[in-house]
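Each chain, letter by letter, is given below.
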Amino acid sequence: MTGLQRGGAAIVGAAESDLGQVAEGLNPIDLMAQGIARAVEDAGLRLRDIDGLLCASTQSRTSGLSLSEYLGISPKFIDTTILGGSSFMFHVAHAVAALQLGLCDIAAIAYGSTQRSVGRRQASVREVNPFETPYRPFLPSTAYALAASRHMHEFGTTREQMATVAVAARQWALLNPVAWEKKPLTIPEVLNARMVSYPFTVRDICLVTDGGGAIILTTPDRARSLKKPPVYVLGCGQAITHANISSMPDLTVTGALESGRQAYAMAGLAAKDIDVVELYDAFTINTILFLEDLGFCPKGEGGSFVEDGRIAPGGQLPVNTNGGGLSYCHPGMYGLFLLIEAVRQLRGECGDRQIDGAETAIAHGNGGVLSSQSTVILGTPATV
Amino acid sequence: MDQSPLAIYQSYLDKGELAYQWSPEAGRAVFYPRLVCPFTGGTALEWRVASGLGTVHATTVTHPQQGAPYNVALIDCDEGFRLMSRVEDIDPMTVRIGMRVRFRVHQPSGDKAGEEPAYPVFVPAEAGR
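Chains D and G, in that order, give the protein sequences.
Okay, so the first sequence: first residue is 867 according to the working numbering, each after it adds one.
Okay, so the second sequence: first residue is 5 according to the working numbering, each after it adds one.
Hints are computed from structural coordinates only; laboratory data are not their basis.
Where hints are given, some of them may not hold.
Said to hold, decoys possible - Here are a few chain G residues that sit away from chain D, every Cβ distance over 10 Å (derived from the structure): (1) Lys19; (2) Pro28; (3) Arg32; (4) Leu39; (5) Ala48; (6) Glu50; (7) Trp51; (8) Arg52; (9) His61; (10) Glu83; (11) Arg86; (12) Arg104; (13) His110; (14) Gly114; (15) Val127.
As the list claims (entries may be wrong) - Listed next, the stretches of chain D that the computed footprint assigns to chain G, with coverage defined by at least 3 CB atoms under 8 Å from CB atoms of chain G: (16) 1015 to 1025; (17) 1053 to 1064; (18) 1108 to 1118.
If you're wondering where the values come from, they're calculated on a predicted model, not measured in any experiment.
Positions of the beta carbon are idealized from the N, C-alpha and C atoms, including for glycine.
Here chain D stands alone, though its shape is the one from the complex (with noise of 0.2 Å):
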C-alpha cells in the first residue's frame, strides 16, 4: 500500500485463545483478552505496554471499550475497522501506519468469537436487505454458490476439484494437534455429504467453532530486542468491490486481484517468491479463487492447479498449512488465524506441519461475500 514502509513493522507476539467449544459462560472479549494475555507472554512483553489496540466481532457492537475496560487499559490508539472476516488483515495495515507514525509503540490486534456456543443467528444477526431477502438465501453460503456457479460454467471448474481443496485442509489438519477435525475426508465423503447450497455440501463449507486470539506488533527497533524473532510485515493490500454478491463486478474475479497487486508491489515479491500460502477457506471455491486471483496459478485453472495433492502435504505449494477454516478452526471471522499461521510458520514452530526453511508468507482475508479483500506479505529477518 502506498505511504506504508516495507518492513516498517514486525509481529512480535502470535497466540489462539481457547479453540472449538470453548467453557460455558466465556464470552468474545474473555477470548480476545485470552489472546491478547497469551500472545503478549509470547512476545515477552506485559500487557501494560499495550498503547494501540484493535478488534472486531459481531457479538459486540463496540468491543474497543469493552476490551480496554476488561484489560484496564486506555489505548493512545484504537481502531474498531469491521469488513467481515479479513477485518485483521485492514487491522495490520493501519497498525503499520500508526507505528510508523509514532501513534502507539506496541499494538495488539485482538479477535473473540463464541458463535458455536451462542449460535450463529445470534453471533451474527443478519441485516433485512428488501432486495434479496424475499429469496431466502442462506447467507454466507447462497452467495458465494453463486460464485461458483460462474466458476464452473466459464472454466468447467468441477465440484471434485472443489471438493479436493477440502481433502487437503484436512489433511493438514490431521497435522496439527489443535484442529477441530480429527478423522481423515475423502472426495466422495464431500461430494455425498449433506447439500447446502449447490454445488456446495456441508463439507465445502467451513467449520462453526468459538476461538480467537492475538498478534501484538511493534517498530523493527523495539522488535529486534524481544523473546522470538520478528516476522516483518513486508507488504500490504486491499480492495473492496462489492457489499451484495448481486452488485460483485465479475463474479471470477474477486478484489484479491487488486489487494495482491498492491502487497506484492509494496513486498517487491511475486507469487513465484512465496513459500507458505494461506488464504480465506471459508468455501471450497475461495482456496481456487485466491490462488488465480494472487498469481499462484493463471485465472481459470485454479481446479486443475489443486489436484494431485498439489495444496497438500507434501505438495509443491502449502496452502493452509493450519488445515483452515475449513477443518481447523472457524469462529466467524477467521482472517487472525491465517496471520497466526503465517507468522508461527516463518518462526519454525508448527512441528509436524512445518514448512522447511520458510522466510516468506502470504496471509489473505476475505470478508462479507468475497467483498472485502486485504492481503499481507510477511516474512523472516532475512527478509529485510
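Go by the hints and put chain G onto chain D.
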C-alpha cells in the same frame, strides 16, 4: 423528500412493473434503487420500467433444514442491471446459466399476505406467453 427510492420501486411492483433507475450522466442503469448514482456521484436519477426480460447469470439451489430446496439466481435484465431473484415453474436444478427468463410479480400469500411486500421473480421466457 416525499418518497424513498424503495417506496417508489415498490409502487411500480404493485402495478405489476419492474422499475429501475437510469443515470443520464453515466448513460447506464442503476440497481438497486438509491439516492446517489454510484457511477457519477450525481443525484439526477430517472425511473424507467424494464421490459421484464433477462438472462440467468448465476444460479444455485439452496437446501433449507426443513422444506423443499429452492432456486436463488442472479438475473441480468436486458436493460443492463442485475438483481437477485429466483426462477420459478421449473425444477430448481434445471435452471441454467444463459437461460432466458421473464419477470412476474410474486404476491406473498397465506400468512404473509398483506404483510410482506410484492417482489419480482422470473419464469422461463418461452413459458407463460
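Do the hints match the structure? See the list:
no. : hint         : in the structure
1   : Lys19        : holds, 17 Å
2   : Pro28        : holds, 21 Å
3   : Arg32        : holds, 13 Å
4   : Leu39        : holds, 15 Å
5   : Ala48        : holds, 21 Å
6   : Glu50        : holds, 19 Å
7   : Trp51        : holds, 16 Å
8   : Arg52        : holds, 17 Å
9   : His61        : violated, 7 Å
10  : Glu83        : holds, 15 Å
11  : Arg86        : violated, 6 Å
12  : Arg104       : holds, 16 Å
13  : His110       : violated, 8 Å
14  : Gly114       : holds, 14 Å
15  : Val127       : holds, 15 Å
16  : 1015 to 1025 : holds (count 3)
17  : 1053 to 1064 : holds (count 5)
18  : 1108 to 1118 : holds (count 5)
Comparing the model with each earlier hint shows violations of hints 9, 11, 13; every other hint is respected.
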